[in-house]
Amino acid sequence: MVGIIIASHGEFAKGIYQSGKMIFGEQANVAPVTLMPSEGPEDIKKKMLDAIASFDDDKEIIFMCDLWSGTPFNQASSLLNGHEDHWAIMTGLNLPMLLEAYAARFSSESSHEIVAKVAGVAKDGVKVLPETIKIEGEEKKAEPADSMPKGAIPEGTVIGDGKIKYVLARIDTRLLHGQVATTWTKTTNPNRIIAVSDNVAHDALRKQMIEQAAPPGVKANVTTIDKMIKVDKDPRFGNTRAMLLFETPQDALRAIEGGVSIKELNLGSMAHSEGKVVCTKAVSMGKDDVETFEKLQKLGVKIVVKKVPADSEENFDEIMKKAKEGLGL
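The opening residue of the sequence shown carries number 2 in my numbering; numbering runs sequentially from there.
A few of these clues could be false.
In silico PhoX-like pairs for lysine-lysine, Cα to Cα no more than 20 Å straight-line [what the hints assert, rightly or not]:
hint, residue 1, residue 2
1, Lys124, Lys166
2, Lys220, Lys164
3, Lys325, Lys299
4, Lys299, Lys282
Hints in this document: simulated from the structure, not taken from any laboratory. Since the structure is predicted, the reported quantities are computational estimates derived from the model, not experimental observations.
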(Lines of atoms letter the chains of each structure in order from A; the text may use other names.)
(Lines give C-alpha, C1' and ligand atoms only; values in the text may rest on other atoms or scores of the structure.)
Protein backbone atom coordinates (compact mmCIF):
# COMPACT_ATOMS: atom_id res chain seq x y z
CA MET A 2 0.00 0.00 0.00
CA VAL A 3 1.27 3.47 -0.95
CA GLY A 4 2.83 5.20 2.05
CA ILE A 5 1.73 8.70 3.05
CA ILE A 6 3.76 11.20 5.08
CA ILE A 7 1.78 14.18 6.36
CA ALA A 8 4.18 17.07 7.02
CA SER A 9 3.57 20.51 8.51
CA HIS A 10 4.79 23.47 10.51
CA GLY A 11 3.60 22.91 14.07
CA GLU A 12 0.98 20.36 15.15
CA PHE A 13 -1.23 20.69 12.06
CA ALA A 14 -0.05 17.35 10.62
CA LYS A 15 -0.96 15.50 13.81
CA GLY A 16 -4.34 17.22 13.99
CA ILE A 17 -5.38 16.42 10.43
CA TYR A 18 -4.07 12.87 10.86
CA GLN A 19 -6.39 12.46 13.87
CA SER A 20 -9.31 13.95 11.93
CA GLY A 21 -8.68 11.54 9.08
CA LYS A 22 -8.58 8.60 11.48
CA MET A 23 -11.86 9.70 13.07
CA ILE A 24 -13.60 9.78 9.69
CA PHE A 25 -11.84 7.01 7.73
CA GLY A 26 -10.59 4.73 10.49
CA GLU A 27 -7.09 3.51 11.32
CA GLN A 28 -4.73 3.61 8.32
CA ALA A 29 -1.59 1.59 7.71
CA ASN A 30 1.55 3.19 6.29
CA VAL A 31 0.59 6.76 7.23
CA ALA A 32 2.67 9.00 9.51
CA PRO A 33 2.39 12.65 10.58
CA VAL A 34 5.64 14.56 10.99
CA THR A 35 5.93 18.04 12.48
CA LEU A 36 8.43 20.87 12.44
CA MET A 37 8.28 22.53 15.85
CA PRO A 38 9.55 26.07 16.65
CA SER A 39 12.69 24.75 18.38
CA GLU A 40 13.60 22.42 15.48
CA GLY A 41 15.43 22.84 12.19
CA PRO A 42 15.40 21.28 8.70
CA GLU A 43 17.48 18.26 9.68
CA ASP A 44 15.04 17.41 12.48
CA ILE A 45 12.02 17.06 10.22
CA LYS A 46 14.10 15.30 7.57
CA LYS A 47 15.07 12.67 10.15
CA LYS A 48 11.39 12.29 11.15
CA MET A 49 10.50 11.70 7.49
CA LEU A 50 13.20 9.06 7.13
CA ASP A 51 12.06 7.35 10.33
CA ALA A 52 8.48 7.34 9.05
CA ILE A 53 9.53 5.79 5.73
CA ALA A 54 11.52 3.13 7.59
CA SER A 55 8.42 2.23 9.61
CA PHE A 56 6.33 1.49 6.48
CA ASP A 57 5.89 -2.02 5.11
CA ASP A 58 7.35 -0.90 1.78
CA ASP A 59 9.13 2.30 0.73
CA LYS A 60 8.72 1.91 -3.05
CA GLU A 61 5.67 4.21 -3.40
CA ILE A 62 5.54 7.29 -1.15
CA ILE A 63 3.46 10.49 -1.13
CA PHE A 64 4.51 13.53 0.91
CA MET A 65 1.53 15.75 1.77
CA CYS A 66 2.91 19.09 2.95
CA ASP A 67 1.25 22.25 4.18
CA LEU A 68 3.11 24.92 2.16
CA TRP A 69 5.03 25.06 -1.10
CA SER A 70 8.62 26.20 -0.41
CA GLY A 71 8.20 25.72 3.36
CA THR A 72 10.78 23.69 5.29
CA PRO A 73 8.71 20.45 5.31
CA PHE A 74 8.31 20.75 1.53
CA ASN A 75 11.98 21.56 1.01
CA GLN A 76 13.11 18.53 3.01
CA ALA A 77 10.65 16.27 1.20
CA SER A 78 12.05 17.62 -2.08
CA SER A 79 15.57 16.69 -1.03
CA LEU A 80 14.40 13.15 -0.31
CA LEU A 81 12.52 12.96 -3.62
CA ASN A 82 15.79 13.23 -5.56
CA GLY A 83 16.41 9.87 -7.23
CA HIS A 84 12.92 8.57 -6.44
CA GLU A 85 10.92 10.69 -8.91
CA ASP A 86 9.47 7.61 -10.67
CA HIS A 87 7.73 6.33 -7.56
CA TRP A 88 7.50 9.17 -5.03
CA ALA A 89 5.52 12.39 -5.20
CA ILE A 90 4.87 15.59 -3.24
CA MET A 91 1.65 17.55 -2.79
CA THR A 92 1.19 20.88 -0.99
CA GLY A 93 -1.88 22.78 0.22
CA LEU A 94 -2.79 19.98 2.60
CA ASN A 95 -6.49 19.80 3.47
CA LEU A 96 -8.80 17.12 4.83
CA PRO A 97 -10.66 16.31 1.58
CA MET A 98 -7.39 15.54 -0.22
CA LEU A 99 -6.16 13.34 2.64
CA LEU A 100 -9.38 11.33 2.69
CA GLU A 101 -9.35 11.00 -1.09
CA ALA A 102 -5.79 9.68 -0.91
CA TYR A 103 -6.87 7.11 1.67
CA ALA A 104 -9.67 5.94 -0.60
CA ALA A 105 -7.50 5.94 -3.73
CA ARG A 106 -5.01 3.57 -2.10
CA PHE A 107 -7.63 0.80 -2.30
CA SER A 108 -7.60 0.89 -6.10
CA SER A 109 -4.10 2.10 -6.97
CA GLU A 110 -0.58 1.15 -5.97
CA SER A 111 0.99 4.12 -7.76
CA SER A 112 1.77 7.35 -5.94
CA HIS A 113 1.62 9.29 -9.21
CA GLU A 114 -1.86 7.97 -10.07
CA ILE A 115 -3.15 8.83 -6.60
CA VAL A 116 -1.70 12.36 -6.68
CA ALA A 117 -3.22 12.99 -10.13
CA LYS A 118 -6.64 12.03 -8.78
CA VAL A 119 -6.31 13.81 -5.44
CA ALA A 120 -5.16 17.18 -6.84
CA GLY A 121 -8.59 17.97 -8.27
CA VAL A 122 -10.37 16.93 -5.08
CA ALA A 123 -8.14 19.23 -3.03
CA LYS A 124 -9.28 22.21 -5.11
CA ASP A 125 -12.94 21.16 -5.13
CA GLY A 126 -12.82 20.89 -1.34
CA VAL A 127 -12.84 24.68 -1.08
CA LYS A 128 -16.50 25.74 -1.01
CA VAL A 129 -18.37 28.70 0.43
CA LEU A 130 -21.83 29.52 1.73
CA PRO A 131 -23.87 31.47 0.92
CA GLU A 132 -23.36 30.59 -2.73
CA THR A 133 -23.99 34.23 -3.69
CA ILE A 134 -20.43 35.09 -2.61
CA LYS A 135 -18.38 35.72 -5.74
CA ILE A 136 -14.94 34.17 -5.52
CA GLU A 137 -12.27 36.43 -6.93
CA GLY A 138 -10.71 35.22 -10.16
CA GLU A 139 -13.33 32.51 -10.67
CA GLU A 140 -15.70 32.73 -13.59
CA LYS A 141 -18.84 30.65 -13.50
CA LYS A 142 -18.77 28.27 -16.45
CA ALA A 143 -21.86 27.91 -18.55
CA GLU A 144 -23.46 24.51 -18.24
CA PRO A 145 -23.05 22.45 -21.44
CA ALA A 146 -26.27 22.36 -23.42
CA ASP A 147 -26.32 18.57 -23.55
CA SER A 148 -26.27 18.34 -19.72
CA MET A 149 -29.31 20.54 -19.15
CA PRO A 150 -32.41 18.86 -17.66
CA LYS A 151 -34.54 17.23 -20.32
CA GLY A 152 -37.74 17.17 -18.25
CA ALA A 153 -39.48 14.44 -16.31
CA ILE A 154 -39.09 10.87 -17.50
CA PRO A 155 -42.54 9.44 -18.30
CA GLU A 156 -43.92 6.88 -15.86
CA GLY A 157 -43.42 3.31 -16.97
CA THR A 158 -40.13 4.04 -18.73
CA VAL A 159 -37.59 1.30 -18.03
CA ILE A 160 -34.04 2.56 -17.47
CA GLY A 161 -31.29 -0.06 -17.50
CA ASP A 162 -32.65 -3.25 -15.99
CA GLY A 163 -35.37 -1.30 -14.19
CA LYS A 164 -34.09 -2.16 -10.69
CA ILE A 165 -32.46 0.28 -8.28
CA LYS A 166 -29.16 -0.95 -6.81
CA TYR A 167 -28.46 -0.47 -3.09
CA VAL A 168 -24.73 -0.17 -2.46
CA LEU A 169 -25.27 0.51 1.26
CA ALA A 170 -28.20 0.80 3.67
CA ARG A 171 -27.18 2.36 6.97
CA ILE A 172 -28.80 3.25 10.29
CA ASP A 173 -27.23 6.44 11.61
CA THR A 174 -28.83 9.02 13.90
CA ARG A 175 -26.83 11.77 12.18
CA LEU A 176 -27.75 10.56 8.68
CA LEU A 177 -25.34 12.29 6.27
CA HIS A 178 -22.13 13.47 7.95
CA GLY A 179 -18.37 13.30 7.43
CA GLN A 180 -17.86 9.56 7.78
CA VAL A 181 -20.73 8.84 5.40
CA ALA A 182 -20.03 11.61 2.87
CA THR A 183 -16.38 10.60 2.53
CA THR A 184 -15.46 7.12 3.71
CA TRP A 185 -18.60 5.16 2.90
CA THR A 186 -19.25 7.08 -0.31
CA LYS A 187 -15.75 6.41 -1.61
CA THR A 188 -15.85 2.69 -0.76
CA THR A 189 -19.38 1.98 -2.07
CA ASN A 190 -19.46 4.44 -5.01
CA PRO A 191 -23.13 5.50 -5.09
CA ASN A 192 -24.43 8.06 -7.57
CA ARG A 193 -27.25 9.04 -5.23
CA ILE A 194 -27.58 9.30 -1.44
CA ILE A 195 -31.13 9.03 -0.13
CA ALA A 196 -32.01 9.94 3.46
CA VAL A 197 -35.23 8.07 4.20
CA SER A 198 -37.01 9.84 7.03
CA ASP A 199 -40.52 11.22 7.47
CA ASN A 200 -39.22 13.60 10.14
CA VAL A 201 -36.48 15.11 8.00
CA ALA A 202 -38.60 15.18 4.84
CA HIS A 203 -40.95 17.57 6.63
CA ASP A 204 -38.17 19.67 8.19
CA ALA A 205 -37.07 22.22 5.57
CA LEU A 206 -33.83 23.19 7.36
CA ARG A 207 -32.58 19.65 8.00
CA LYS A 208 -33.53 18.65 4.49
CA GLN A 209 -31.54 21.53 3.03
CA MET A 210 -28.51 20.71 5.19
CA ILE A 211 -28.45 17.10 3.98
CA GLU A 212 -28.80 18.08 0.33
CA GLN A 213 -25.92 20.57 0.70
CA ALA A 214 -23.71 17.99 2.43
CA ALA A 215 -23.53 15.71 -0.60
CA PRO A 216 -19.95 15.03 -1.75
CA PRO A 217 -18.88 16.11 -5.27
CA GLY A 218 -20.42 14.00 -8.03
CA VAL A 219 -23.15 12.53 -5.84
CA LYS A 220 -26.69 13.89 -5.50
CA ALA A 221 -28.38 13.77 -2.09
CA ASN A 222 -32.14 13.57 -1.60
CA VAL A 223 -34.50 13.33 1.36
CA THR A 224 -37.68 11.33 1.00
CA THR A 225 -40.47 9.86 3.09
CA ILE A 226 -40.62 6.14 3.76
CA ASP A 227 -43.76 5.68 1.66
CA LYS A 228 -42.15 7.44 -1.30
CA MET A 229 -39.02 5.27 -0.96
CA ILE A 230 -41.21 2.18 -1.17
CA LYS A 231 -42.61 3.50 -4.46
CA VAL A 232 -39.14 4.40 -5.77
CA ASP A 233 -37.97 0.83 -5.11
CA LYS A 234 -40.54 -0.43 -7.61
CA ASP A 235 -40.08 2.38 -10.17
CA PRO A 236 -38.24 1.12 -13.31
CA ARG A 237 -37.02 4.66 -14.05
CA PHE A 238 -34.36 4.20 -11.34
CA GLY A 239 -32.67 1.25 -13.04
CA ASN A 240 -29.35 3.08 -13.43
CA THR A 241 -29.30 4.33 -9.84
CA ARG A 242 -26.69 3.15 -7.34
CA ALA A 243 -28.21 4.30 -4.07
CA MET A 244 -26.95 4.67 -0.54
CA LEU A 245 -29.91 4.63 1.86
CA LEU A 246 -29.65 6.35 5.24
CA PHE A 247 -32.14 5.73 8.05
CA GLU A 248 -32.28 7.60 11.35
CA THR A 249 -33.76 4.64 13.23
CA PRO A 250 -34.20 0.89 12.87
CA GLN A 251 -37.94 1.50 12.98
CA ASP A 252 -37.75 3.52 9.76
CA ALA A 253 -35.67 0.79 8.13
CA LEU A 254 -38.17 -1.87 9.20
CA ARG A 255 -41.09 0.08 7.74
CA ALA A 256 -39.28 0.44 4.43
CA ILE A 257 -38.32 -3.24 4.26
CA GLU A 258 -41.78 -4.43 5.26
CA GLY A 259 -43.10 -2.16 2.50
CA GLY A 260 -41.00 -3.96 -0.06
CA VAL A 261 -37.67 -2.11 -0.24
CA SER A 262 -35.27 -4.90 -1.14
CA ILE A 263 -32.57 -4.59 1.52
CA LYS A 264 -30.78 -7.73 2.68
CA GLU A 265 -28.11 -6.10 4.83
CA LEU A 266 -28.12 -3.09 7.18
CA ASN A 267 -25.00 -1.31 8.35
CA LEU A 268 -25.48 -0.16 11.95
CA GLY A 269 -23.39 2.99 12.34
CA SER A 270 -24.74 4.93 15.30
CA MET A 271 -27.82 5.23 17.49
CA ALA A 272 -27.80 8.17 19.87
CA HIS A 273 -28.40 7.74 23.60
CA SER A 274 -31.57 9.15 25.14
CA GLU A 275 -33.71 8.53 28.22
CA GLY A 276 -34.82 4.91 28.48
CA LYS A 277 -31.94 3.56 26.40
CA VAL A 278 -28.84 1.66 27.49
CA VAL A 279 -25.34 2.18 26.11
CA CYS A 280 -24.25 -0.91 24.17
CA THR A 281 -21.13 0.40 22.41
CA LYS A 282 -19.45 3.79 22.05
CA ALA A 283 -21.76 4.54 19.12
CA VAL A 284 -24.90 2.49 19.79
CA SER A 285 -27.59 2.82 22.47
CA MET A 286 -30.83 0.86 22.45
CA GLY A 287 -34.25 0.93 24.05
CA LYS A 288 -36.88 -1.82 24.29
CA ASP A 289 -38.47 -0.84 20.98
CA ASP A 290 -35.07 -0.91 19.26
CA VAL A 291 -34.37 -4.45 20.47
CA GLU A 292 -37.77 -5.65 19.29
CA THR A 293 -37.31 -3.92 15.94
CA PHE A 294 -33.93 -5.56 15.31
CA GLU A 295 -35.42 -8.95 16.19
CA LYS A 296 -38.11 -8.37 13.56
CA LEU A 297 -35.49 -7.36 11.00
CA GLN A 298 -33.50 -10.53 11.67
CA LYS A 299 -36.64 -12.65 11.28
CA LEU A 300 -37.06 -11.07 7.86
CA GLY A 301 -33.57 -12.34 6.99
CA VAL A 302 -31.81 -8.96 7.21
CA LYS A 303 -28.17 -9.15 8.26
CA ILE A 304 -27.00 -6.46 10.70
CA VAL A 305 -23.37 -5.38 10.23
CA VAL A 306 -22.00 -3.12 12.99
CA LYS A 307 -19.29 -0.76 11.68
CA LYS A 308 -18.76 2.98 11.97
CA VAL A 309 -16.35 3.08 9.02
CA PRO A 310 -15.31 0.44 6.46
CA ALA A 311 -11.84 0.02 7.98
CA ASP A 312 -13.29 -1.01 11.37
CA SER A 313 -13.54 -4.66 12.35
CA GLU A 314 -17.13 -5.88 12.42
CA GLU A 315 -18.56 -5.91 15.95
CA ASN A 316 -20.55 -8.86 17.29
CA PHE A 317 -24.21 -7.89 16.91
CA ASP A 318 -25.45 -10.81 19.01
CA GLU A 319 -23.32 -9.57 21.91
CA ILE A 320 -24.67 -6.06 21.46
CA MET A 321 -28.24 -7.36 21.57
CA LYS A 322 -27.44 -9.43 24.65
CA LYS A 323 -26.00 -6.39 26.44
CA ALA A 324 -29.05 -4.32 25.49
CA LYS A 325 -31.48 -6.94 26.82
CA GLU A 326 -29.57 -7.32 30.07
CA GLY A 327 -29.43 -3.55 30.57
CA LEU A 328 -33.14 -3.20 29.84
CA GLY A 329 -34.13 -6.20 31.96
CA LEU A 330 -35.63 -8.08 29.02
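The hints, checked one at a time:
Between Lys124 and Lys166, the direct Cα distance comes to roughly 31 Å. Violation of the 20 Å bound is thereby established for this hinted pair. For the proposed pair Lys220 and Lys164, the alpha carbon gap of about 18 Å is at most 20 Å, so the pair holds. For the proposed pair Lys325 and Lys299, the alpha carbon gap of about 17 Å is at most 20 Å, so the pair holds. Our distance criterion of 20 Å between C-alpha atoms is broken by Lys299 and Lys282, whose separation comes to about 26 Å.
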